[in-house]
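A.B. asks: Sequence:
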Amino acid sequence: MSKIDLFNKEWIDVVFAKKNKAYGAYELRQTNSWNTTKSLFIASAIFIFLFLAPRLYALLKGMVPEPPQETVTEVVMQPPPPINPEVKTPPPVEPPPPKQDQVKFPPPIVKPDNEVRDEKPPTIEDLKKADPGQKTIEGDPTAEVVQITAAGEGPKQAVVVEDNTVYSFVSMENPPMFPGGIDKFYKFLGDNIKYPPMAAENNIQGNVFVSFTVEKDGSLTDIKIDRKLGYGTDEEAVRVLKLSKRWNPGMQNGKPVRVKYNIPIKFSLQQ
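Just so you know, we're using the numbering used here here: the sequence shown kicks off at 1 and counts up by one.
In case anyone wonders, no lab produced these hints; they're calculated from the structure. Worth double-checking, as some hints may not be accurate.
[Stated by the list, open to error] Think about it this way: if two alpha-carbon atoms lie no more than 27 Å apart in a straight line, the pair counts; the simulated DSS-like pairs of lysine-lysine are: (1) Lys245 x Lys255; (2) Lys245 x Lys224; (3) Lys255 x Lys228.
Construct the entire structure; sequences and hints are all you get.
C.D. replies: Spelled out as structure tokens, the structure:
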């Protein structure tokens, strides 16, 4: 008995004789051999690719140069040298006395009530005879203008150098002053300040603390509000200060310098 090939074209025609060949089974029987062969080739190709993939990856990786590795160097910090207790710091060098007498007249500083110490301020007559300063110093009319140097060096003659340092009022040899004195300055403020309507309506009273720099020519610059009161009083204080005439500049070692000044401007409603 011979072997029957069920997928042979003649045999398929016999099986599907007088049957609907457009249904699909007829076509599938005809292409079955080709589909089986094609599937075998595709499956074999995928298997071979997966089998060789690790080796291909290793081969391609070896062809790409690896980036250079960074070298980390550990730095060991040396400990600071021990402090020698026998070496003493030289005392600060006291500045030479000013040419004119100086009376203690520091600027006003706002403090709590429990820290306030009653101290009699200098009178107008005292300020006519001496300059205001941080402490009372007797002047030396024969003193020369010297430059303070480091410890161990003698005084040197001052060198003419443009000094743009902004000095503090409390460290001045001869602080800046409004023409006619501080009373004239407060009179100028009282004559020119216009009480802001919003502050008047809300019964706002108190001090606006301002700071400014008295330049070498006596003009006022860098006007700032250090403590605000609000309701238009801060802007009014700045406006009036900009109207001020030139001050007598602060003097240090006989030369005009820039000085920072702090004052309170009081706003009060008359009853």
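A.B. asks: Work down the list of hints and note, for each, if the structure agrees.
C.D. replies: Consistency of the hints with the structure:
1. A threshold of 27 Å between alpha carbons decides the hint, and for Lys245 with Lys255 the separation of about 21 Å falls inside it, so the pair holds.
2. The hinted pair formed by Lys245 and Lys224 meets the criterion: a straight-line CA distance of about 18 Å does not exceed 27 Å.
3. Using a Cα cut-off of 27 Å, the hinted pair Lys255 and Lys228 is violated, with the two alpha carbons roughly 34 Å apart.
This entry does not satisfy hint 3, going by the numbered hints stated previously; all others are met.
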